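The residues making up each chain are set out below.
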Amino acid sequence: MIEAFFMNISLMIILTGALVGCASTLVGTFLVLRGNSMLSDAISHSIIFGIVVVWLVTGAASGPMQIVGAAMTGVLTVFLTELLFSTRRVRYDAAIGLVFPVLFSVGVLLLNLYARDVHIDQHTVLLGEIGFVWLDTVVLLGYEIPQSLIAMFMMTMVNLLFVTLLYKELKITTFDPALAAALGFAPAVIFYALLFLTSATAVAAFDAVGAVLFVAFVTVPPSAAYLLTDRLWLMLVYGAVISIASSISGYHLAVVLDVSIGGMMAVMTGVFLALAFLFGPRYGVIARLHRQRSERQANALRTVAVHLYSHEDSADQKEENVARALETHLGWTARHARDVIAEGLTKDLIARRGNLLVLTPRGRAEARSILEPWRG
Amino acid sequence: MLALLGDYTIQTVAMGAALLGISSGVLGCFAVLRKQSLLGDTLSHAALPGICIGFLVAGSRDIGTILAGALVSGAVAALVVLVLTRMSRLKTDAALGIALSVSFAVGVVLLTYIQGGGNASQGGLDSFLFGQAAAILRSDLWIMGAVTAAALALVTLLWKEFKLVSFDPGFATSLGLPVVALEVTMTIMVALAVVVGLQMVGVVLMTAMIVAPAVAARQWTRSLGAMVVLAALFGIVAGVSGAVISATARGLSTGPLIVLAISVIVLVSLLLAPGRGLVWASLRRRRDRRSLAGRQVLSTLYGLAAEHGNQGYPTELGALDAFHGTPTRGTMQRLERRGLVAPVTHEPETTPHWELTPAGLSEARRIDDASRENS
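If you read the protein sequences in the order shown, they are chains A and B.
Just so you know, we're using the numbering used here here: the first sequence kicks off at 29 and counts up by one.
Just so you know, we're using the numbering used here here: the second sequence kicks off at 392 and counts up by one.
Treat the hints as calculated values from the structure; they're not laboratory data.
As the structure is a prediction and not an experimental result, all values here were calculated from the model.
The beta carbon of each residue, even a glycine, is placed where N, CA and C say it ideally should be.
Take the hints with a grain of salt, since some may be wrong.
Said to hold, decoys possible - Which residues of chain B face chain A? A few of them, derived with a C-beta cut under 8 Å, are:
#	residue
1	484
2	488
3	497
What the hints assert, rightly or not - When the alpha-carbon atoms are kept at most 27 Å apart in a straight line, the in silico BS3-like pairs for lysine-lysine are as follows:
#	chain 1	residue 1	chain 2	residue 2
4	B	426	B	551
5	B	482	A	199
6	A	196	B	482
7	B	426	B	554
8	A	375	A	346
9	B	551	B	482
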């Protein structure tokens with residue numbers, strides 16, 4: 029039973045993809061909320077340098093040594109970026125754009141020079157290939173398990189532990205760094221710890237999805253989740269769910285179309301983001317347009333109610349409180365006026381008396397509550 | 392070396408690199424000044440799906456179609472960033488990250504789709520990832536040159552407008568300039584720069600060529616005109632040196648070499664540019680610190696002399712150290728070289744003592760008067 033589980037190649041691939049997504053989402057959520065999403069791009073590029081250097085020095089192409097060693101490059105990138113920014117000669121975004129290309133370039137050139145015959149080449153660096161994860165397996169408790177799967181599982185656990193243990197600290201440093209500093213939470217330390225874990229996750233995920241696609245897993249699911257909720261813990265949960273869904277759907281689509289599995293998974297995160305952008309319950313485009321429309325309509329009804337109320341039983345009532353006056357006096361188009369009157373009739377705010385428009389008791393109460401709120 | 396310059400391939404490569412340097416240098420200036428450095432990153436990654444679509448449309452490695460595809464997909468990515476930031480609660484950085492990674496993912500999917508299709512000429516597409524100078528043909532130069540010329544013509548024609556929108560968009564709006572249209576044009580120009588550089592530098596590192604020449608040039612000048620010219624110059628130097636090294640040394644990717652070349656220029660500029668250079672700034676700071684310490688010590692000596700009614704009052708060095716909370720020996724020696732203080736002995740003590748010289752006394756009086764006027 030368990031053996032069948034680990035022998036199922038497609039399940040292994042989907043699981044690896046889902047773990048990449050979950051581990052990335054856990055750290056990515058905080059990067060997105062802090063407005064530092066593009067640091068993940070810088071980190072994921074410059075870890076190439078770390079990976080190549082650690083590989084040249086120790087000969088380890090994977091494993092904990094590689095992850096910790098290469099992850100330091102990610103932290104170094106951010107440190108150098110902040111250092112460059114602190115000279116006040118360059119803006120922050122330009123500093124990001126200056127530092128990571130250098131480390132990335134050195135990494136690629138080292139690969140050109142020394143690594144023509146090993147399995148990390150330029151291609152893996154950028155694209156990765158999650159479909160081959162089962163080629164590199166280790167035996168654990170008598171089962172052959174893909175190495176990437178183990179690495180990603182460990183990374184997910186570490187990130188989960190980090191987020192759970194430091195949930196309160198992360199929350200306060202993310203949303204109110206000044207208060208966090210005043211309370212003695214050392215926001216800088218927590219920020220760098222977060223960046224270290226982001227780098228480590230990037231290194232662990234590197235075999236599977238490569239440097240650039242990693243950015244998709246870090247930024248896109250948390251961003252989609254951000255469009256769906258205001259609660260931090262829900263954002264983490266939604267992000268994880270979106271990652272898992274992307275992994276499953278991406279795998280199957282990739283197999284059908286015979287294209288890169290990791291690439292398709294990343295594309296699917298984009299599809300889910302588009303869905304959240306359009307159909308999100310509160311911040312989605314459609315919900316927003318709908319809310320705008322109904323608010324505009326409610327406002328039009330209030331205008332009519334006030335208009336009718338202020339001319340009610342006055343000398344010019346015959347002239348003012350008719351459908352025609354809404355066009356001539358309020359400047360509405362005939363169609364808009366007709367729609368508003370129809371809406372007012374169905375909502376029982378106004379009624380017709382011959383040619384005249386009159387307020388129902390409800391409509392009068394509405395107008396009064398606007399004009400004379402003190403009457404209660 | 393001369394033989395090298397005579398080589399046909401090298402000539403082609405150098406010309407291509409020069410075009411890259413001009414276009415990315417000039418167009419990058421506006422991106423950097425408008426705080427859109429990272430938009431260049433997004434647009435260059437977003438070129439990948441366009442390259443693949445261009446390849447699929449043309450059915451071969453036809454450079455015109457491929458570059459047109461890259462331009463279109465860059466523009467689409469920029470539009471996505473705009474829509475996400477304007478119409479949702481996502482911030483710019485998230486929108487950039489999303490557009491960058493998702494469009495690159497689409498590119499990867501298309502790339503594998505093309506490779507799966509068994510098209511024999513697909514090998515050429517890989518060179519767009521990291522750039523491969525040697526793959527550039529003479530005919531490609533015409534297209535790159537035309538794009539560069541078009542971009543330069545646009546910059547010349549709309550120079551005043553671009554300048555105003557870059558530095559003060561609010562004022563530009565109040566003058567009735569079509570600011571949105573101009574901003575869109577400038578964004579498309581970044582995509583144009585990316586397109587010109589794709590074959591040289593590749594999609595991944597093109598961002599550095601947008602940002603780096605502009606940042607380097609900014610250190611040397613305060614005028615936009617000079618900055619644009621310098622950026623183009625730096626771009627050419629870096630592009631040509633990187634591309635020529637790559638074309639002569641086998642197996643080194645062109646993009647990284649060009650990026651390292653331009654990064655060296657940035658580093659030198661940051662450190663040594665007159666006025667803004669970090670080296671000069673640190674020297675200036677040191678000089679200021681020393682001159683302040685000198686003036687402080689002189690005032691102390693002057694005060695002690697006044698208090699004791701003795702112009703040549705000998706003050707012990709240890710007392711000065713303690714009073715200023717820092718070792719003052721170096722400061723005293725510098726003052727002595729200027730003839731403002733002189734070492735004296737004060738029997739029976741053996742420790743070093745210092746007194747004001749007549750020149751030192753008048754200098755100290757001047758400092759004292761100046762500080763009195765200021766307070």
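These are the hints, each one checked on the structure:
Taken as an interface hint, residue 484 of chain B checks out: its beta carbon lies about 4 Å from the nearest beta carbon of chain A, inside 8 Å. With 8 Å as the threshold, the beta carbon of residue 488 of chain B comes within range of chain A, its nearest partner Cβ sitting at about 4 Å, so the hint holds. The beta carbon of residue 497 of chain B comes within 6 Å of a beta carbon in chain A, closer than 8 Å, and the hint placing it at the interface holds. In summary, the hint linking residue 426 of chain B to residue 551 of chain B is supported, as the alpha carbons are separated by about 19 Å, within the 27 Å threshold.
For the hint linking residue 482 of chain B to residue 199 of chain A, the alpha-carbon distance of about 18 Å falls within 27 Å, and the restraint holds. Note on residue 196 of chain A and residue 482 of chain B: the hinted pairing holds, with a Cα-Cα distance of about 23 Å set against a maximum of 27 Å. Between the alpha carbons of residue 426 of chain B and residue 554 of chain B the distance comes to roughly 14 Å, so the proposed pair stays at or under 27 Å and holds. For a cut-off of 27 Å, the pair hint linking residue 375 of chain A to residue 346 of chain A stands: about 23 Å separates their Cα positions.
Restraint check for residue 551 of chain B and residue 482 of chain B: not satisfied, since their Cα atoms lie roughly 30 Å apart, outside the 27 Å limit.
Violated hint: 9 only; the structure is consistent with all others.
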